[in-house]
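Colleague: Chains as they are written, first to last, in the UniProt record's numbering: chain A, 1 to 330; chain B, 1 to 309.
None of these hints come from the bench; they were simulated from the model.
Errors might be hidden in some of the hints.
[Stated by the list, open to error] Not everything, but these chain B residues come out facing chain A in the computed CB check (under 7 Å):
no., residue
1, G57
2, S61
3, L105
4, F106
5, E109
6, I226
7, L229
8, I253
9, S283
10, Y287
[Stated by the list, open to error] Computed beta-carbon distance windows for the label pairs:
no., chain 1, residue 1, chain 2, residue 2, range
11, A, D240, B, K266, 32 to 42 Å
12, A, D146, B, L267, 20 to 30 Å
13, B, G168, A, I310, 46 to 56 Å
14, B, P123, A, G292, 26 to 36 Å
All residues carry an ideal CB built from backbone N, CA and C; glycine is no exception.
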Amino acid sequence: MSMSPRVLINSALILLLALVPFIAEMIDDSFYVGLTTRILILAIAALSLNLLIGYGGMVSFGHAAYIGVGAYMVGIGAFHAFEDGVDWMLNGYVQLFGAIFGSAVIALVIGAISLRTRGVYFIMITMAFSQMLYFTAVGVETYGADDGLSIYSRSDMLGLIDMSNENSLYYLVFFSLLILLYLMHRLVGSQFGNVIRGSKSNEARMRSIGFSPYKYRLVAFVIAGTIAGYAGFLMANLNDFVSPDMMHWTRSGDLIIMIVLGGIGNLFGPLYGAVAFLMLEELLSSIPLTIGGLRVGEYWQLLFGPLLIIIVLYARNGIDSFLPGKDKRS
Amino acid sequence: MNWLLLLEQVLNGFQLGILLFLLAAGLTLVFGIMDLVNLAHGSLYMMGAYFCATFTGWTDSFLLGALLAIPATFILGILVEVIALRNLYARDHLDQVLATFGLILFFNEFVRLVWGPIGLDIPLPAFLNSTVEVIPGVPYPTYRVAIILIGFFVAGLLYAIVSKTRMGMLIRAGASNREMIGALGINIKLLFTLVFGLGAALAALAGLMAGPILSVEIGMGDGILILTLVVIVIGGIGSIKGAFIAAIIVGLIDTVGRSFLPEILKLMVAEDSAATAAPAISSMLIYILMALVLAVRPQGLFPPKGVGR
Chain A
1 MSMSPRVLIN
11 SALILLLALV
21 PFIAEMIDDS
31 FYVGLTTRIL
41 ILAIAALSLN
51 LLIGYGGMVS
61 FGHAAYIGVG
71 AYMVGIGAFH
81 AFEDGVDWML
91 NGYVQLFGAI
101 FGSAVIALVI
111 GAISLRTRGV
121 YFIMITMAFS
131 QMLYFTAVGV
141 ETYGADDGLS
151 IYSRSDMLGL
161 IDMSNENSLY
171 YLVFFSLLIL
181 LYLMHRLVGS
191 QFGNVIRGSK
201 SNEARMRSIG
211 FSPYKYRLVA
221 FVIAGTIAGY
231 AGFLMANLND
241 FVSPDMMHWT
251 RSGDLIIMIV
261 LGGIGNLFGP
271 LYGAVAFLML
281 EELLSSIPLT
291 IGGLRVGEYW
301 QLLFGPLLII
311 IVLYARNGID
321 SFLPGKDKRS
Chain B
1 MNWLLLLEQV
11 LNGFQLGILL
21 FLLAAGLTLV
31 FGIMDLVNLA
41 HGSLYMMGAY
51 FCATFTGWTD
61 SFLLGALLAI
71 PATFILGILV
81 EVIALRNLYA
91 RDHLDQVLAT
101 FGLILFFNEF
111 VRLVWGPIGL
121 DIPLPAFLNS
131 TVEVIPGVPY
141 PTYRVAIILI
151 GFFVAGLLYA
161 IVSKTRMGML
171 IRAGASNREM
181 IGALGINIKL
191 LFTLVFGLGA
201 ALAALAGLMA
211 GPILSVEIGM
221 GDGILILTLV
231 VIVIGGIGSI
241 KGAFIAAIIV
251 GLIDTVGRSF
261 LPEILKLMVA
271 EDSAATAAPA
281 ISSMLIYILM
291 ALVLAVRPQG
301 LFPPKGVGR
């Protein structure tokens, strides 16, 4: 197997990511480890949403809700361990199970209802469901309501992984992403993936050859929600904080932006997109230009909004279209 | 149960419903005719309120401020359509959602830059800052009555425009078959631009009327946008009648639910768990309603006739 330029570029990115903690140590700035951990967690969430939007044509606008569910499992666990002395709730494996199982069940319920609808109705009903979860979190006073919940102690992984060590958390996230990239690669190439992608382009044909698109879509919806729940588990450990804001519909919008930035329906697209999104945020908000006493960077969304429109209008295949060669599966 | 409070809350519900209808009408016209999902509709609502606050400050008259804010937002809407959205009609919904999401980011930041991070107040004029007795012995703020009356008036006007005038005929024709009315020699680009401007003006009307009772602040359009989306999805996208009925239903359920749900819950569960659960559940009521409606009728309650989708 010869290496195509695309595979080379992807490999170089992965290699670079593998070295981030070493590079940060060399330049003596651990800020970059935290930032990159954040990027990779968002890449995991975007990767899962890409299964729905990119491969399945299901534009879910409530994906941040599952991140929130996963994150709250860590927050609630730490809260009860700290406040009421319920030690087992600090157990990272219990929290992880809660995050994965909880987000899977919620995705199953939301998916079962939402997938009865199509197109713009689907966009809106998924958005509405995520708002329901958002308002639930805002309404529950015990867990901080809209102020959120500080996490005083990260998930206890029984000595296997030290979550409070920034580097080991980074590598947990990094290897999670690698494994999920591989699994996603296998998934979309399998018969299951073929049905999902086939239903996107021609649902009637899938039905006539004997597949029920609804069931396949629902399974994809649950898989995507579960992975996002796992991303939430990681995110809570990184931030030491959960709040309803994580599930707000605009956070779901950010995830969609990442997918489109990176190139839709492409295995590595969400990773490039998450990198590009947070880099743009960092770069635009640190523009040193000052006009009339106003620092331009402070109003970075004034630039980011129109930039988004320009990307949609003129570069809709995202970063992927700038890479040489073609991704087989897109 | 306190019947006077219930009556007051029903009126408040109508008033929220009317505001939602003004927003939903614009959103559903734009979607029904141009097939454009415009998430930035809430931003036009916000801009309408900020324009009104500014013009009211300049002219010292809420009425003049309102009369200036509507055409100003109409023009802003037309600019947005011409500059950013015109090229998106042929694109899929995902592109439209993203580009209009970009507009939301832009407008929220724009307002922060121009008007600062702290919200504005629109003072009520003296002649509206009083109460009237809707039924003997029940005083109700004049201003809220005015909102309800203006809302019904505008709904009637909109109905007349859409069903009786030439522009309305073109709008309806455009909704069922875009290519055909273009082929008949109608300037469809201009028609779309005008309809978008009309939607913006309606959003501005809602925003400036909400201004004195809610606060005029950054992001005020984002929350109500979601409510409006719920309204048009329940009503059936593209149907003005559906939007009207759904807006009133959503307005009533949301308002009445918020004030009476704690009481109702107390009858069923322990008092302190009712007090905890009530705020969350009452914010969720309309989303539960939407899920129920869509589970039974995926096309909404009143899907428009003749719109193929």
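Colleague: Each of the hints needs a verdict: does it hold here or not?
Modeller: Each hint, compared with the structure:
For B/G57, the shortest C-beta to C-beta distance to chain A is roughly 22 Å, which exceeds 7 Å, and the interface hint is violated. Residue-level restraint check for B/S61 is violated (minimum Cβ-Cβ distance to chain A is 31 Å; threshold 7 Å). Look at B/L105: its Cβ gets to within about 4 Å of chain A, closer than 7 Å, so that hint holds up. Interface hint at B/F106: satisfied, since its Cβ lies 3 Å from the closest Cβ of chain A, which is below the 7 Å cut-off.
The interface hint given for B/E109 is met, as the beta carbon of that residue sits about 4 Å from the closest beta carbon of chain A, less than 7 Å. Taking 7 Å as the C-beta cut-off, the interface hint given for B/I226 holds, the closest approach to chain A being about 6 Å. A distance limit of 7 Å between C-beta atoms decides the matter here; for B/L229 the minimum to chain A is near 5 Å, and the interface restraint holds. With a cut of 7 Å, the hint placing B/I253 at the interface with chain A is violated, because the nearest CB-to-CB distance is about 14 Å.
Interface restraint check: B/S283 against chain A, minimum CB-CB distance 4 Å, threshold 7 Å, status holds. Against a cut-off of 7 Å between C-beta atoms, the interface hint on B/Y287 holds, since the closest Cβ of chain A lies about 4 Å away. Distance hint for A/D240 and B/K266: a CB-CB separation of about 37 Å, consistent with the stated range 32 to 42 Å. Hint check: A/D146 to B/L267, Cβ distance near 28 Å, so the stated range 20 to 30 Å holds.
At roughly 35 Å, the beta carbons of B/G168 and A/I310 sit outside the given window of 46 to 56 Å. Under the hint 26 to 36 Å, the C-beta atoms of B/P123 and A/G292, about 30 Å apart, fit the expected range.
Consistency with the previously given hints fails for numbers 1, 2, 8, 13, ordered from lowest to highest.
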